[in-house]
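In this text, residue positions in the sequence shown follow my numbering: the first is 6, and each later residue adds one.
Take the hints with a grain of salt, since some may be wrong.
[What the hints assert, rightly or not] Straight-line C-alpha distance at most 25 angstroms; calculated SDA-like pairs for lysine to any residue:
#1 K137 / K80
#2 K80 / S152
#3 K80 / Y101
[Said to hold, decoys possible] Each pair of labels, with its calculated beta carbon distance range:
#4 I104 / S229: 22 to 30 angstroms
#5 T67 / S183: 32 to 40 angstroms
#6 V25 / Q228: 20 to 28 angstroms
#7 H28 / S229: 27 to 35 angstroms
#8 T67 / D194: 19 to 27 angstroms
#9 G32 / A184: 17 to 25 angstroms
#10 H233 / R65: 25 to 33 angstroms
#11 R223 / T67: 33 to 41 angstroms
The set of hints was computed from the structure by calculation and includes no laboratory data.
Think of the CB as a built atom: it goes at the ideal place given N, C-alpha and C, for glycine as much as any other residue.
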Amino acid sequence: MTPLAASVRNVWKTYPMDGVEVHALRGVSLDIARGEYVAIMGASGSGKSTLLNLLGCLDRPTSGTILLDGVDISKLNDNQLSELRACRIGFIFQSYNLIPQLTVLENIEVPLYYSGNWNAKTRARCRELAKKVGLGERLHYRPTQLSGGQQQRVAIARSLVNDPSFILADEPTGNLDSAAAEEILALIDQLHQEGKTIVLVTHEPDVAQRARRLVRLRDGRIQSDQPHPALAAPSGSAVVLSASGGRPQEAHSGSMSSACPEGSRP
6 MTPLAASVRN VWKTYPMDGV EVHALRGVSL DIARGEYVAI MGASGSGKST LLNLLGCLDR
66 PTSGTILLDG VDISKLNDNQ LSELRACRIG FIFQSYNLIP QLTVLENIEV PLYYSGNWNA
126 KTRARCRELA KKVGLGERLH YRPTQLSGGQ QQRVAIARSL VNDPSFILAD EPTGNLDSAA
186 AEEILALIDQ LHQEGKTIVL VTHEPDVAQR ARRLVRLRDG RIQSDQPHPA LAAPSGSAVV
246 LSASGGRPQE AHSGSMSSAC PEGSRP
């Protein structure tokens with residue numbers, strides 16, 4: 006049986022608003038296997054971004070249980086949650102979230118400061134990641150000197166710097182034209198083929214069709230959860246990752262060692 010990257014059980018998220026409780030999520034339950042590529046769709050207000058924030062340890066559920074790599078995040082303190090985010094989760098945002106004063110290389114290096122593992126070896130890894138996303142010749146450019154597609158490539162490289170167990174992408178092509186969007190989706194496809202677990206939020210059906218599984222939310226509940234009929238992997242072909250750091254059991258030519266110190270993992 007393929008190990009789970011995430012297990013969500015009866016999760017509710019409620020926000021108080023002007024004296025009224027607003028239920029963003031209402032008893033959501035789902036499992037995400039390691040090496041799986043899942044797209045989450047839904048209208049505005051359906052709860053898809055709330056679910057992604059909970060999976061990314063950016064927020065806590067009001068009730069219910071979330072296990073990430075078998076770790077119950079409700080039992081972690083703020084420092085432990087920060088360590089888990091730094092070591093096991095890579096984020097790709099619609100607005101890129103790059104620091105304008107920093108160069109391409111320096112933006113990719115940012116997670117290393119949070120994990121306390123910035124050194125010559127990990128900096129060399131950042132250079133390799135920049136080359137992997139096609140920015141090896143633009144290491145010293147600043148975000149304002151890059152196109153939207155190039156900025157998102159920096160964000161993807163940054164998300165990989167600590168070799169995370171899984172990657173959370175929130176509308177990663179929302180600000181891009183069709184050509185740049187296709188390039189970014191091809192990179193995400195490649196990461197999935199290398200064994201990364203991908204959870205992608207989108208409102209675009211053609212983007213969601215790249216995933217192997219589609220989860221639809223409506224009014225804070227799961228409306229449907231189905232494998233993509235054309236792309237679903239045959240039984241037994243899922244990539245199984247090890248529990249220690251999200252590495253495929255069979256090495257891939259593009260794999261690199263984790264930049265997050267083993268002792269710092271929750």
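Here's how the hints hold up against the structure:
Of the pairs offered as hints, the one joining K137 and K80 is violated, with about 37 angstroms between alpha carbons and a cut-off of 25 angstroms exceeded. Taking the CA atoms of K80 and S152, the gap is near 42 angstroms; set against the 25 angstroms cutoff, the hint is violated. Annotation: proposed proximity of K80 to Y101 is violated, straight-line Cα distance about 30 angstroms (limit 25 angstroms). The given range of 22 to 30 angstroms is broken by I104 and S229, whose C-beta atoms sit roughly 39 angstroms from each other.
Between T67 and S183 the Cβ separation comes to about 39 angstroms, which falls inside the hinted range of 32 to 40 angstroms. Against the hinted window of 20 to 28 angstroms, the Cβ-Cβ separation of V25 and Q228 comes to about 24 angstroms, which satisfies the hint. At about 19 angstroms, the beta-carbon gap between H28 and S229 misses the expected band of 27 to 35 angstroms. For T67 paired with D194, a C-beta distance near 35 angstroms fails the hint of 19 to 27 angstroms.
Here the CB-CB span from G32 to A184 is close to 41 angstroms, at odds with the stated 17 to 25 angstroms. A hinted range of 25 to 33 angstroms holds for the C-beta pair H233 and R65, which are about 31 angstroms apart. Roughly 19 angstroms separates the CB atoms of R223 and T67, a value that falls outside the hinted 33 to 41 angstroms.
Comparing the model with each earlier hint shows violations of hints 1, 2, 3, 4, 7, 8, 9 and 11; every other hint is respected.
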